[in-house]
Amino acid sequence: MDTLNILLMAFISIVLVNNLVLTKFLGICPYLGVSGRIDMAFGMGLAVTFVVTLSGTMTWMIDHWILMPMNLEVTRYVCYILVIAGAVQLVEMYMRKFSPSLYESFGIFLPLITTNCAILGLCLFINLWGIDNLPEAAVLSFGAGIGFTMAICIMAGIRENLNMADVPKCLRGAPITLITAGLLTLAFMGFAGMIK
Amino acid sequence: MSKIKLFIEQSWLLITASFFFGLLIAITNTAWSPRIEQNKTTKVDDLMKDLLPKAEKFEQAAELQIELEKGKEVTSNIYKAVAGGQCLGWAFNCEGPGFADKIELIVAVDERFEKFAGYAVLSSNETPGFGDQIKLSYYRHQFAGAPAGKLELAKTGDAEKINSEIVAISGATVSSNAVVNIINTFVVQVKTQMQEKGLIGDDK
Amino acid sequence: MTSDALTTTSLYKRTLLAGLWRENPVFRLLLGMCPTLAVTAAVKPALTMGLSVVFVLVCSNIVVSLMRNLLKPHLRILMFTLTIATFVTIADLFLKTFVPKMSETLGPYVPLIIVNCIIICRAEACASKNNVIISIIDALGMGAGFTLALCILAAIREFISTGAVMEIKVLPAWFVPWAVLSMPAGAFITLGLTLGLVNLISKKRA
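Chains as they are written, first to last, in my numbering: chain A, -3 to 192; chain B, 738 to 941; chain C, 108 to 313.
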């Protein structure tokens, strides 16, 4: 029961309280770039969720079972980025072979994901928070992806409506998106303190 | 055979580059890692020095396992503050959940474990302007001299009076409470465990 | 001969200046947004971050430019990330050794330089096509532009959120600090408004 409780708390905390996009500023580039249309945003969100779950879990395993016993922590960043690049490549190959339709719909986002800071960021935060068991790391990774998807979909929804608004010329595009994101962050600040 | 040749042809640059980069990292790491270790201890030492200014040096006395809620366990390092061969007090690190993130503290007590000497924040991520006032002395000074046992948090009261009642920071009750809770969880367990180990005398 | 030398110098100068305004990575190209938002709560961390990026950018541009003729197309990105990750590790170790406090403030945002789009973008767009000297100059220009943008944002945010710049009090004590600007929400809004201002200025100029 306790384990379940901890896992549930971890999930809620990474989705709402410590949302990577809105409180840690990770993955801002796709957040600004792909949030124009809600279907694109959802596709990107799914792709990120998939890769982040895979790479978050894998980096945890590599960190704890290979790097730490061998005292190779100094090469951590290099290993992390290689794992992520490898995971992206793997997902891309797998999808192209086994589900071409899925590949058509979000394959274009995959190369972008390697340089998505949300993924490397999550791996680093898992390390920083000192998560010491595999289930928690896996839940956090999955939750981070869900949190990203949620944030980018909310943003896409707002932006679709924003198209109808009369925004001052110099603020059109990225500036107004950032300001909207700021207001969204204010709303998410209400979740802070939820987790004890 | 030709497959291996192709493989080498394609990736020789990658392999040599990895080798060189690995070498580069290894050299930098060997050159700097002693200082990085040093920096870590200096930071804790400096904080403890602030709390127990009379101490000349700090010796690690014990490593205790402290039980948190929900069955989690954390390690707490106990440091003995020494000056001229005499024990001046103890300091230990503790941690617990804050408003937004984990709060890590260093707590110092006197040599008989009767009074707090104060606490310092090792790391925290509280709301700027509100919760992070736990780092400021007007809240921290309430702990210096308070009896080393369970503390209580009050919303209003006289912050100048030093006793086991701590007056919360207005607008940041959760963070204030977090500090008090962390200290409460740790101080009792540390005290009993230290008595068991014979580091300090029993209450008599 | 002289005209040749002249064009090279002017090319260098143009490359150097491009990063500062015309192709400023933050304000014009919208690259490297994560550190721009995350470390600009105060000027000092912003400056440290900017300088670390300059270091990594220069080093990775040199290496990529040196091996640009040897690169295989499908292993290109992998080589870039490997190079960048190595230099970021070195920069991280350097910060941990000589400015431990700053390294703690920046936290995971130092290793996140690896995925900073500016660096990989410059490796791809400039260093893999040009010789070493141009790559270095380009890296310096871009890095300076990035540092400048970071410092401007940090100065605005630090000034309003604490009434101080570089931790030196500027405003009198009656000033009530707007703490919200040092929080995530303030980061987004400040950057949004600054971008709007930049758009306005560049439109007036054109």
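The hints are simulated quantities; they were obtained by calculation from the structure and are not laboratory data. Possibly wrong hints are sitting among the right ones.
[Claimed, not checked] Only pairs whose alpha carbons sit at most 27 Å apart, straight line, appear in this in silico DSSO-like list of lysine-lysine:
hint, chain 1, residue 1, chain 2, residue 2
1, B, K892, B, K786
2, C, K276, B, K872
3, B, K786, C, K203
For each hint, the structure was consulted:
{"no.": "1", "hint": "K892/B x K786/B", "verdict": "31 Å, violated"}
{"no.": "2", "hint": "K276/C x K872/B", "verdict": "19 Å, holds"}
{"no.": "3", "hint": "K786/B x K203/C", "verdict": "22 Å, holds"}
Checked against the numbered hints above, the structure violates only hint 1.
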